[in-house]
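J.: In the order they appear, the protein sequences are chains E and L.
Residues 1 to 229 (the numbering used here) are what the first sequence spells out, left to right.
Residues 1 to 250 (the numbering used here) are what the second sequence spells out, left to right.
Worth double-checking, as some hints may not be accurate.
[Said to hold, decoys possible] Keeping only pairs whose Cα atoms sit at most 20 Å apart, straight-line, the calculated EDC-like set for lysine to aspartate or glutamate is:
1) L/Lys72 x E/Glu132
2) L/Lys5 x L/Glu99
3) L/Lys95 x L/Glu74
4) L/Lys183 x L/Asp28
5) L/Lys95 x L/Asp66
6) L/Lys81 x E/Glu6
7) L/Lys183 x L/Glu173
8) L/Lys126 x L/Glu74
9) E/Lys225 x L/Asp134
10) L/Lys52 x L/Asp66
11) L/Lys95 x L/Glu117
12) L/Lys110 x L/Glu74
13) L/Lys52 x E/Glu132
14) L/Lys73 x E/Glu6
15) L/Lys52 x L/Asp28
16) L/Lys5 x L/Glu220
17) L/Lys72 x L/Glu51
18) L/Lys80 x E/Glu132
19) L/Lys183 x L/Asp213
20) E/Lys225 x L/Glu99
21) L/Lys95 x E/Glu132
22) L/Lys73 x L/Glu99
23) L/Lys184 x L/Asp213
24) E/Lys99 x E/Asp223
25) L/Lys13 x L/Asp213
26) L/Lys126 x L/Glu188
27) L/Lys95 x E/Asp223
[As the list claims (entries may be wrong)] Which residues of chain L face chain E? A partial, calculated answer using Cβ under 8 Å:
28) Asn88
29) Phe92
30) Arg109
Honestly, the hints are just simulated from the structure, not real lab data.
Quick caveat, the model's predicted, so the values are computed rather than measured.
Ideal Cβ positions, reconstructed from N, Cα and C, are used throughout, including at glycine.
Here's the letter readout for the chains.
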Amino acid sequence: MNGVGEFFSWSRFVDDIPRLLPYLPVTLGIVAYAIILGVFLGMVIALLRIHGQWFFQPFLRLYISFMRGTPMLVQILIVFYGLPIVLQALGIEANRWDKIVFVYIAFALNEGAFLSEIFRSSILSVPTGQMEAALSVGLTRWQAYRRIVLPQAIRIALPSFGTDFIALFHGTSLAFLIGVVDIMGRAKTLGASTKHALEAYLFIALLFIVASALLRLLFHFLDRKLSYT
Amino acid sequence: MLRIKNVHKSFGKNEVLKGIDLSIDKGDVVVILGASGSGKTTLLRCINFLEKADQGKASFGEVDLDLHQAGKKEIQSVRKKLGFVFQNYNLFHNKTALENVTLGLTVGRKMPREMAEEIGRKALNKVGLSDRYDYYPQQLSGGQQQRVGIARAVALNPDIILFDEPTSALDPELIGEVLGVMKKIAREGTTMLVVTHEMSFAQDVANRVIFMDQGVIVEEGSPREIFSNPKEERTKQFLRRILPEYTYTI
Numbered sequence: 001m002n003g004v005g006e007f008f009s010w011s012r013f014v015d016d017i018p019r020l021l022p023y024l025p026v027t028l029g030i031v032a033y034a035i036i037l038g039v040f041l042g043m044v045i046a047l048l049r050i051h052g053q054w055f056f057q058p059f060l061r062l063y064i065s066f067m068r069g070t071p072m073l074v075q076i077l078i079v080f081y082g083l084p085i086v087l088q089a090l091g092i093e094a095n096r097w098d099k100i101v102f103v104y105i106a107f108a109l110n111e112g113a114f115l116s117e118i119f120r121s122s123i124l125s126v127p128t129g130q131m132e133a134a135l136s137v138g139l140t141r142w143q144a145y146r147r148i149v150l151p152q153a154i155r156i157a158l159p160s161f162g163t164d165f166i167a168l169f170h171g172t173s174l175a176f177l178i179g180v181v182d183i184m185g186r187a188k189t190l191g192a193s194t195k196h197a198l199e200a201y202l203f204i205a206l207l208f209i210v211a212s213a214l215l216r217l218l219f220h221f222l223d224r225k226l227s228y229t
Numbered sequence: 001m002l003r004i005k006n007v008h009k010s011f012g013k014n015e016v017l018k019g020i021d022l023s024i025d026k027g028d029v030v031v032i033l034g035a036s037g038s039g040k041t042t043l044l045r046c047i048n049f050l051e052k053a054d055q056g057k058a059s060f061g062e063v064d065l066d067l068h069q070a071g072k073k074e075i076q077s078v079r080k081k082l083g084f085v086f087q088n089y090n091l092f093h094n095k096t097a098l099e100n101v102t103l104g105l106t107v108g109r110k111m112p113r114e115m116a117e118e119i120g121r122k123a124l125n126k127v128g129l130s131d132r133y134d135y136y137p138q139q140l141s142g143g144q145q146q147r148v149g150i151a152r153a154v155a156l157n158p159d160i161i162l163f164d165e166p167t168s169a170l171d172p173e174l175i176g177e178v179l180g181v182m183k184k185i186a187r188e189g190t191t192m193l194v195v196t197h198e199m200s201f202a203q204d205v206a207n208r209v210i211f212m213d214q215g216v217i218v219e220e221g222s223p224r225e226i227f228s229n230p231k232e233e234r235t236k237q238f239l240r241r242i243l244p245e246y247t248y249t250i
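All chains, please: the whole structure from these sequences, using the hints.
T.: Written out as structure tokens, the structure is:
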């Protein structure tokens, strides 16, 4: 079966695994930074959109529609080429920064926009009566948010958040476009150097499938745990 | 105890409250009657600042307030003296019955947990829910939820409890149990301001009845005066619609 072996071989598959796995942390790192910064940013923006003064609104809406209306690819390139220029005008020298920082920033900005819409709609889904009842027993708005509204909003947001999280995971593969070698990028370089790319991509595909399945299980478990609340 | 003067409130072009004066003394059980749109719910919500009145002054005991310009701290301190029972209960979905009742005490007043829970349990016992402390709202019937809502207001030991159509969202079989609790606390001397359509409550328990129509108080008096001897034409029309015969039977 020599013909098929030209395109795919299990031994190459097994050989590629230890070459690829060291780069998994890069991918996970991007996801981690993007989610943590994105959740924070998204929550701030959501609350500003709901409660903030009117002059915030046009800027926030512009930011969100840009982030949601352009391809991630374009955003990474804009951040990578454009941010150093902006920073230079502010007197910050960004030339020595590791490329991956730009990736973190681009994904964090993107996540912030998407998550802000998820959070905003889920907060608005909590019946206003909940806040009114909290105020009527003497809680401050902040106390009401923290103890009553946000816990319920998070439960509502969980499915959308999970979907977004998985999409982020898949999206990190674009980092290679500016030369950051995450696991996807490594697969490409392996393919270039060994002339056999299929095994590497197959392994990555399997990794992503497993990761997505684990994430779905995690969110399912979280959803059950928050029930009867 | 509570004096309100000249309350005005409009929503856009719609003037809902056109100058309301109202006073409540300790121990009063005041019922506000009126058709939908008469402004009764809005009035209640202006009193505890869920709506901001356009104009109006209030005195809560010794404290004087402007209903339009009151600051956050003033509003918060007033809210601690007023209990509010909502038409659709508004129990905290993510808290148990006991937690619903104690939250205002532990978080709002920084009371220690054991003390708050003791008060909470007493309140829940009073409304007949001593076996439901750890139930979540979804696990309770409408009548039970509303009774928790009443317990929640009672636990705060407020000067006045405001009731916004407390039985309007309930199935007929459940109205009785809630009215029963309300009658009980009225007889114990709780000062209550109640917006309701339940005429039995107005006739049996209230000591004052106010009839509102289109944003003004048309008539007010004792239940006997209003129900068997209404003076204003609008009052008579309303009563004719609501009660086939509005004579006060002894």
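J.: All hints are to be evaluated individually against the structure, with a verdict given for each.
T.: To see whether the hints hold, each was checked on the structure:
1. L/Lys72 x E/Glu132: 15 Å, holds
2. L/Lys5 x L/Glu99: 36 Å, violated
3. L/Lys95 x L/Glu74: 28 Å, violated
4. L/Lys183 x L/Asp28: 13 Å, holds
5. L/Lys95 x L/Asp66: The given pair, whose Cα atoms are some 34 Å apart, is violated under the 20 Å limit.
6. L/Lys81 x E/Glu6: Between L/Lys81 and E/Glu6 the Cα gap is close to 82 Å, so the pair fails against 20 Å, i.e. violated.
7. L/Lys183 x L/Glu173: 17 Å, holds
8. L/Lys126 x L/Glu74: 31 Å, violated
9. E/Lys225 x L/Asp134: 17 Å, holds
10. L/Lys52 x L/Asp66: 10 Å, holds
11. L/Lys95 x L/Glu117: The hint holds at about 14 Å.
12. L/Lys110 x L/Glu74: Holds, because 18 Å separates the two Cα atoms, which is no more than 20 Å.
13. L/Lys52 x E/Glu132: 13 Å, holds
14. L/Lys73 x E/Glu6: 77 Å, violated
15. L/Lys52 x L/Asp28: 25 Å, violated
16. L/Lys5 x L/Glu220: 16 Å, holds
17. L/Lys72 x L/Glu51: The hint holds at about 13 Å.
18. L/Lys80 x E/Glu132: 13 Å, holds
19. L/Lys183 x L/Asp213: Violated, because 26 Å separates the two Cα atoms, which is more than 20 Å.
20. E/Lys225 x L/Glu99: 19 Å, holds
21. L/Lys95 x E/Glu132: 15 Å, holds
22. L/Lys73 x L/Glu99: 25 Å, violated
23. L/Lys184 x L/Asp213: 29 Å, violated
24. E/Lys99 x E/Asp223: 37 Å, violated
25. L/Lys13 x L/Asp213: 18 Å, holds
26. L/Lys126 x L/Glu188: 11 Å, holds
27. L/Lys95 x E/Asp223: Distance ~17 Å between L/Lys95 and E/Asp223 Cα, so the pair holds.
28. Asn88: Given a least distance of 6 Å, the restraint on L/Asn88 holds.
29. Phe92: 5 Å, holds
30. Arg109: 7 Å, holds
When each numbered hint is compared with the structure, violations occur for hints 2, 3, 5, 6, 8, 14, 15, 19, 22, 23, 24.
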